[in-house]
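At position 340 of the sequence shown (counting the first as 1) the number is 340 in this note's numbering, and the numbers step up by one without a gap.
Any given hint might turn out to be false.
Restraint-style ranges between C-beta atoms, simulated for each label pair [to be verified]:
#, residue 1, residue 2, range
1, S85, E395, 25 to 31 Å
2, F167, F237, 24 to 30 Å
3, I192, E166, 19 to 25 Å
4, D91, R232, 41 to 47 Å
Treat the hints as calculated values from the structure; they're not laboratory data. Beta carbons: idealized from backbone N, C-alpha and C, even for Gly.
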Amino acid sequence: AMGRLERVLLLREEGAERYPQRPEIHRAIDLIHSDLSGELEQRLYRLAEWEPLNPSVQAALIRHQLAVDPSFAVLDSLQQLTADSQPGSVDWLHRMRTACDAAALAADLEARSGRIQTADQLHAAGQSLAGELVAVDPLQFPRLVQQLVRGGRLSEAVSRIRNAAEFPPELRCVAWIELVRFADQRREAAAIVAPEMVQLIRTQPDSPVLRVAYAEMLLSAGLEDVAEETLRQLLTFAPDDATAMSRLAWILAVHRLKWVDEKATGEKAADEKAFSANDAELRMRAGDQNGDIAEILQLAHLAIDADPGNVLIRVNHARVMLALGQYSDSLDILVMPERIDSTAALMEEAAARLQLGQVEQALELAREADVRRRYDPLVPADEILLRQVIAQAVEQSSSGPSDQRGPVQNDLTDAGRRTTALIRGTGTGVERGL
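Could you build all of it, start to finish, from the sequences and the hints given here?
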């Protein structure tokens with residue numbers, strides 16, 4: 001009734017998977033693709049006209065067409081998305097990337113539903129589109145790597161990157177990162193990728209870009225300690241590198257404060273328990289004792305002051321504020337001057353709004369992030385937080401109407417600001433550094 005047809009197609013399969021013995025769910029699925037088929041298709045086409053660059057909508061349309069007609073020509077349909085665009089134009093690039101993501105998302109959902117042959121067909125379509133994309137714009141090479149890994153062709157992806165000598169080291173590093181991000185077994189993929197990226201770094205040992213890329217690959221595999229060491233080494237000879245400072249602040253806020261929390265409370269790690277304001281407040285107090293907060297704030301503020309328009313730095317900064325319990329500040333960073341369009345930003349906004357008592361909005365954002373992570377994966381720490389946000393938002397939403405102020409009162413944010421101000425004035429060097 002609300003026109004959220006792409007959500008309908010996801011929910012019906014979640015229901016069938018969770019309750020396989022409930023015949024009414026399967027009757028509902030049959031009804032959608034039979035008696036309601038014409039109306040559903042019209043609505044999906046209308047959605048696709050309104051949001052042509054939304055991969056979820058395009059994937060829903062493709063999957064419905066396949067359910068009605070298994071012989072439906074997937075590749076032809078996806079190519080129609082770019083029919084009115086000039087190859088190589090910005091609009092064409094956006095539409096081609098949307099088509100690739102739609103194919104991958106639809107393939108993932110088909111595979112989850114047990115339709116492996118259809119999933120393979122969709123993966124093949126995505127790989128063909130990515131090949132067309134690279135032929136027009138070689139800088140899109142990492143997109144082809146994504147599609148190969150998504151389709152289970154990791155060995156071919158490795159071979160392609162190794163043999164891509166015509167591309168600069170920076171582009172090959174991005175391709176290696178994408179290989180790890182989309183691999184089913186990220187640690188195993190990182191073991192393959194690490195020596196390849198180290199070799200690239202040896203060709204340009206003074207390149208901050210290559211070292212930051214190496215750290216990003218490690219984070220994608222959940223190897224935070226090695227990523228921290230890599231960034232600290234980089235900052236010894238490139239102390240003003242804003243990207244390195246920003247990502248190091250992220251690592252310290254997300255992982256060092258989690259360790260402080262365990263040590264201070266004797267409870268389970270943050271990835272094994274609910275995300276709560278009290279935990280954040282406790283981490284702030286405990287972290288201040290050993291200088292973690294001072295270092296985190298110094299790095300984060302220096303980075304964003306150096307490059308305030310950098311979207312990645314803004315997302316990192318918002319995550320730092322989130323970890324420190326400064327939820328309103330985190331939200332402001334994510335939505336002003338304009339909302340950041342990434343899966344990580346969606347997840348962070350959902351977490352901040354949940355803590356500010358905006359449960360329904362948080363749940364909607366978190367569910368959107370959960371869909372988008374299928375074609376724009378999160379690092380492991382963010383995946384953990386996303387699961388926590390969804391679980392808590394569902395629990396709070398089902399318990400009845402929520403107080404607009406929610407479980408986290410504004411004075412907690414004020415306490416976070418007072419803590420920040422206190423740290424800046426205690427002679428730690430943070431104020432002078434800023």
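Legend entry - Satisfaction of the hinted span 41 to 47 Å by the C-beta atoms belonging to D91 and R232: holds (42 Å)
Legend entry - Whether the CB-CB distance between I192 and E166 falls inside 19 to 25 Å: Distance hint for I192, E166 holds at roughly 21 Å.
Inset, instruction - Could you see if the CB distance from S85 to E395 stays within 25 to 31 Å? - result: Violated, at about 45 Å.
Legend entry - Cβ distance range 24 to 30 Å for F167 and F237, holds or violated: holds (26 Å)
Checked against the numbered hints given earlier, this structure breaks only hint 1.
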